[in-house]
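Protein chains: 2
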Amino acid sequence: MATLHLEDLRCSLIRQEETIIFSLIERAQFKQNLIIYEDGGIPVEEFDGCFSDYLLWATEGIHARVRRYTSPDEHPFSSNLPEPILPPIKSPNSIKPTEINLNVEIQCYYKDNLIPEICAEGDDQNYGSSATCDVACLQALSKRIHFGKFVAEAKFQRDTDTFGTLVKSNDRNGVIDRLTDKEIEEKLLRRVELKAAAYGRDIDPVNDDCGYKIQPETIKHIYQDWIIPMTKKVEAQYLMGRLDD
Amino acid sequence: MATLHLEDLRCSLIRQEETIIFSLIERAQFKQNLIIYEDGGIPVEEFDGCFSDYLLWATEGIHARVRRYTSPDEHPFSSNLPEPILPPIKSPNSIKPTEINLNVEIQCYYKDNLIPEICAEGDDQNYGSSATCDVACLQALSKRIHFGKFVAEAKFQRDTDTFGTLVKSNDRNGVIDRLTDKEIEEKLLRRVELKAAAYGRDIDPVNDDCGYKIQPETIKHIYQDWIIPMTKKVEAQYLMGRLDD
Numbered sequence: 023m024a025t026l027h028l029e030d031l032r033c034s035l036i037r038q039e040e041t042i043i044f045s046l047i048e049r050a051q052f053k054q055n056l057i058i059y060e061d062g063g064i065p066v067e068e069f070d071g072c073f074s075d076y077l078l079w080a081t082e083g084i085h086a087r088v089r090r091y092t093s094p095d096e097h098p099f100s101s102n103l104p105e106p107i108l109p110p111i112k113s114p115n116s117i118k119p120t121e122i123n124l125n126v127e128i129q130c131y132y133k134d135n136l137i138p139e140i141c142a143e144g145d146d147q148n149y150g151s152s153a154t155c156d157v158a159c160l161q162a163l164s165k166r167i168h169f170g171k172f173v174a175e176a177k178f179q180r181d182t183d184t185f186g187t188l189v190k191s192n193d194r195n196g197v198i199d200r201l202t203d204k205e206i207e208e209k210l211l212r213r214v215e216l217k218a219a220a221y222g223r224d225i226d227p228v229n230d231d232c233g234y235k236i237q238p239e240t241i242k243h244i245y246q247d248w249i250i251p252m253t254k255k256v257e258a259q260y261l262m263g264r265l266d267d
Numbered sequence: 023m024a025t026l027h028l029e030d031l032r033c034s035l036i037r038q039e040e041t042i043i044f045s046l047i048e049r050a051q052f053k054q055n056l057i058i059y060e061d062g063g064i065p066v067e068e069f070d071g072c073f074s075d076y077l078l079w080a081t082e083g084i085h086a087r088v089r090r091y092t093s094p095d096e097h098p099f100s101s102n103l104p105e106p107i108l109p110p111i112k113s114p115n116s117i118k119p120t121e122i123n124l125n126v127e128i129q130c131y132y133k134d135n136l137i138p139e140i141c142a143e144g145d146d147q148n149y150g151s152s153a154t155c156d157v158a159c160l161q162a163l164s165k166r167i168h169f170g171k172f173v174a175e176a177k178f179q180r181d182t183d184t185f186g187t188l189v190k191s192n193d194r195n196g197v198i199d200r201l202t203d204k205e206i207e208e209k210l211l212r213r214v215e216l217k218a219a220a221y222g223r224d225i226d227p228v229n230d231d232c233g234y235k236i237q238p239e240t241i242k243h244i245y246q247d248w249i250i251p252m253t254k255k256v257e258a259q260y261l262m263g264r265l266d267d
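Listed in order, the protein sequences are those of chains U and C.
Convert by adding 22 to the 1-based position in the first sequence; the result is the number in our numbering.
Convert by adding 22 to the 1-based position in the second sequence; the result is the number in our numbering.
To be clear, the hints were calculated from the coordinates, so they are not data collected in a lab.
Any given hint could turn out to be false.
[To be verified] Using 25 Å as the maximum straight-line C-alpha spacing, the simulated DMTMM-like pairs for lysine to aspartate or glutamate come out as follows:
#: 1; chain 1: C; residue 1: K255; chain 2: C; residue 2: E29
#: 2; chain 1: U; residue 1: K242; chain 2: U; residue 2: E143
#: 3; chain 1: U; residue 1: K209; chain 2: U; residue 2: D199
#: 4; chain 1: U; residue 1: K235; chain 2: C; residue 2: E29
#: 5; chain 1: C; residue 1: K242; chain 2: U; residue 2: D230
#: 6; chain 1: U; residue 1: K53; chain 2: C; residue 2: E29
#: 7; chain 1: C; residue 1: K165; chain 2: U; residue 2: D146
#: 8; chain 1: C; residue 1: K235; chain 2: U; residue 2: D30
#: 9; chain 1: U; residue 1: K235; chain 2: C; residue 2: E207
#: 10; chain 1: C; residue 1: K235; chain 2: U; residue 2: D224
#: 11; chain 1: U; residue 1: K242; chain 2: C; residue 2: D226
#: 12; chain 1: C; residue 1: K204; chain 2: C; residue 2: D247
#: 13; chain 1: C; residue 1: K165; chain 2: U; residue 2: D226
#: 14; chain 1: C; residue 1: K204; chain 2: C; residue 2: D181
#: 15; chain 1: C; residue 1: K209; chain 2: C; residue 2: D181
#: 16; chain 1: U; residue 1: K165; chain 2: U; residue 2: E139
#: 17; chain 1: U; residue 1: K53; chain 2: C; residue 2: E96
#: 18; chain 1: C; residue 1: K209; chain 2: U; residue 2: D224
#: 19; chain 1: U; residue 1: K235; chain 2: C; residue 2: D224
#: 20; chain 1: U; residue 1: K112; chain 2: U; residue 2: D266
#: 21; chain 1: U; residue 1: K242; chain 2: C; residue 2: D230
#: 22; chain 1: C; residue 1: K204; chain 2: U; residue 2: D224
#: 23; chain 1: C; residue 1: K53; chain 2: C; residue 2: E215
#: 24; chain 1: C; residue 1: K165; chain 2: U; residue 2: D224
#: 25; chain 1: U; residue 1: K112; chain 2: C; residue 2: D61
#: 26; chain 1: U; residue 1: K204; chain 2: C; residue 2: D224
#: 27; chain 1: C; residue 1: K235; chain 2: U; residue 2: D226
#: 28; chain 1: C; residue 1: K53; chain 2: U; residue 2: D30
#: 29; chain 1: C; residue 1: K53; chain 2: C; residue 2: D145
#: 30; chain 1: C; residue 1: K133; chain 2: C; residue 2: E60
#: 31; chain 1: U; residue 1: K254; chain 2: U; residue 2: D146
[Said to hold, decoys possible] According to the in silico footprint, chain C covers these stretches of chain U (three or more CB under 8 Å from chain C):
#: 32; region: 39-45
#: 33; region: 65-79
#: 34; region: 86-95
#: 35; region: 115-127
[Said to hold, decoys possible] The following label-pair restraints were derived from C-beta to C-beta distances:
#: 36; chain 1: C; residue 1: T92; chain 2: U; residue 2: L35; range: 36 to 42 Å
#: 37; chain 1: U; residue 1: D95; chain 2: C; residue 2: E127; range: 34 to 40 Å
#: 38; chain 1: U; residue 1: N123; chain 2: C; residue 2: G62; range: 31 to 37 Å
#: 39; chain 1: U; residue 1: N148; chain 2: C; residue 2: H27; range: 15 to 21 Å
#: 40; chain 1: C; residue 1: G62; chain 2: U; residue 2: I206; range: 44 to 50 Å
For every residue, glycine included, the Cβ atom is placed at its ideal position computed from N, Cα and C.
Assemble the whole structure, with the sequences as input and the hints as a guide.
Rendered as structure tokens:
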């Protein structure tokens, strides 16, 4: 297995914050438009599901053809995706192959909790635009959360004996404790709130006292109460299976 | 024809600035990856063109199916797109139907000028990610530039006699002069530069002296030297045909 450096992974996670915050701000310009999340709300021929899922499935089909999901840091939400039309890239394994995929849970939280938090209630008929934003949000969130596999592998490589002992004694809570770095988490939350304030603020040269497209505390809370715990769940699942054959 | 209010259109244009700046910043995280713009650089079976165009065409195919291009403010880059699978929305005409479509020019400028300005030279192999960002950038730029049709119609409705006289005497320069509002343009450029500085700045709570993902002046210059003139070109073309049967 290739050596993973936590510092490199952190740089990627920090850059992914922009992608996540931008995509959430983009979605927040449209109302909740809940009809796009209702099965059959906007019926699409030969597709069994809601309109937002249809656009996600169709987009993932294109991305699958250009081999997005052969990359270990990408996880599709949909099943029944086409085969890649590009030849596979041979790259060294940087993590242990694993079936961990929390996308069902991510999608539920996104529709049930995140959308009502970031979008105004109601229906503005921008269904296609909203669903296109959903695809970008879900892909960014999924990538970030599943990045936990790489973070876990890097932490395991740095501290193999401790994690080995915890995993062998099936001590999942011990693993989570060992994974947690309170100082790093607090720095992350401060940074994310600053970013959300900078990117989400309405900007007008003649009026300094503008509002926010999404409140910075909302973004901070999404990280604190959901993205970080979900990433840690991926990390723990990965490590609990790290010593299996 | 429905009445168009310039103030409503300006609100939409101001909100589109976020979409454009966010999408450019997202593209700028990857290198130029020029191979994705070379015909056959990454060969895709049964597609005659470059890899970036393939992803654009495939994405537009999905959007066409969910009737994106039946909306008068959306213009596809690709031809041979599928028919919508959703029934058409009946809405009153807000502009005179027109064939104006500057997407070929937009795409050329984007690949030849914009990419070298916003992305570092070189190849980082993030071809799929870069091409996905290209789709978002091109769609945002195209929407903004073709929004000139609505702006032109609103200005025509407000000032029908003057524009009527200029158009009848085939005075294109006179039309462009009359369309130009220097004060609004300068306000726009100040705002865009402020936004670019806020959204493109690297943010780190322990280090105030960070760089920019894209220099604010670059975004300002793209607006000043390209987006505004291109929008005005759309406006002028629309008005020159406004009185035709």
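Hint check:
Restraint check: the Cα-Cα separation between K255/C and E29/C comes to about 21 Å, which is no more than 25 Å; the hinted pair holds. Annotation: proposed proximity of K242/U to E143/U holds, straight-line Cα distance about 21 Å (limit 25 Å). Between K209/U and D199/U the alpha-carbon distance is near 18 Å, which keeps this suggested pair within the 25 Å criterion. A C-alpha spacing of about 20 Å is found between K235/U and E29/C, which places the hinted pair at or below 25 Å, so the restraint holds.
Restraint check for K242/C and D230/U: satisfied, since their Cα atoms lie roughly 20 Å apart, inside the 25 Å limit. Pair hint K53/U plus E29/C holds up; C-alpha atoms about 21 Å apart against a cutoff of 25 Å. Taken as a hint, the K165/C and D146/U pair is honoured in the structure, with Cα atoms around 19 Å apart against an allowance of 25 Å. Of the pairs offered as hints, the one joining K235/C and D30/U holds, with about 18 Å between alpha carbons and a cut-off of 25 Å not exceeded.
For the hint pairing K235/U with E207/C, the CA-to-CA distance comes to about 24 Å; that is within 25 Å, so the pair holds. A hinted pair counts as satisfied when its Cα atoms are at most 25 Å apart, and K235/C with D224/U qualifies at roughly 20 Å. For the hint linking K242/U to D226/C, the alpha-carbon distance of about 15 Å falls within 25 Å, and the restraint holds. For the proposed pair K204/C and D247/C, the alpha carbon gap of about 14 Å is at most 25 Å, so the pair holds.
A distance of roughly 22 Å separates the Cα atoms of K165/C and D226/U; the hinted pair therefore holds under the 25 Å criterion. Using a Cα cut-off of 25 Å, the hinted pair K204/C and D181/C holds, with the two alpha carbons roughly 18 Å apart. Simply put, K209/C and D181/C have alpha-carbon atoms about 22 Å apart, close enough for the 25 Å limit, and the pair holds. For the given pair, K165/U sits about 21 Å from E139/U by alpha-carbon distance, which is consistent with the 25 Å threshold.
Between the alpha carbons of K53/U and E96/C the distance comes to roughly 20 Å, so the proposed pair stays at or under 25 Å and holds. Taking the CA atoms of K209/C and D224/U, the gap is about 15 Å. The hint holds against a cut of 25 Å. Taken as a hint, the K235/U and D224/C pair is honoured in the structure, with Cα atoms around 20 Å apart against an allowance of 25 Å. As the CA atoms of K112/U and D266/U are separated by approximately 24 Å, the hinted pair is consistent with the 25 Å bound.
Using a Cα cut-off of 25 Å, the hinted pair K242/U and D230/C holds, with the two alpha carbons roughly 20 Å apart. Straight-line distance between C-alpha atoms of K204/C and D224/U comes to about 23 Å, which keeps the hinted pair within the 25 Å bound. Under the criterion of a C-alpha separation no larger than 25 Å, the hint pairing K53/C with E215/C is consistent with the structure, at around 23 Å. With a CA separation close to 21 Å, the supplied pair K165/C and D224/U stays within the 25 Å bound.
Restraint check for K112/U and D61/C: the C-alpha separation of about 24 Å stays at or below 25 Å, so the hint holds. Between the alpha carbons of K204/U and D224/C the distance comes to roughly 23 Å, so the proposed pair stays at or under 25 Å and holds. Of the supplied pair hints, the one linking K235/C and D226/U holds, its CA atoms being roughly 21 Å apart against a limit of 25 Å. For the hint pairing K53/C with D30/U, the CA-to-CA distance comes to about 18 Å; that is within 25 Å, so the pair holds.
Distance restraint check for K53/C and D145/C: the Cα-Cα separation of roughly 6 Å lies within the 25 Å cut-off, and the hinted pair is therefore satisfied. For a cut-off of 25 Å, the pair hint linking K133/C to E60/C stands: about 10 Å separates their Cα positions. Among the hinted pairs, K254/U with D146/U is inconsistent with the structure: their alpha-carbon atoms are about 36 Å apart, more than 25 Å. Given a C-beta distance limit of less than 8 Å, the hint that chain C covers the region 39-45 of chain U holds, as 3 residues qualify and 3 suffice.
Given a C-beta distance limit of less than 8 Å, the hint that chain C covers the region 65-79 of chain U holds, as 5 residues qualify and 3 suffice. Check on the region 86-95 of chain U: 4 of its residues sit with their Cβ under 8 Å from a Cβ of chain C, so the three-residue criterion for coverage holds. As drawn, the region 115-127 of chain U meets chain C at 0 residues by the rule of a beta-carbon pair under 8 Å; below three, the given contact is violated. Look at T92/C against L35/U: about 40 Å separates their beta carbons, and that is inside 36 to 42 Å.
D95/U and E127/C have their C-beta atoms about 36 Å apart, which keeps the hinted 34 to 40 Å range intact. Look at N123/U against G62/C: about 35 Å separates their beta carbons, and that is inside 31 to 37 Å. At about 19 Å, the CB distance of N148/U to H27/C agrees with the hint of 15 to 21 Å. For the pair G62/C and I206/U, the supplied restraint of 44 to 50 Å holds, since their beta-carbon distance comes to about 46 Å.
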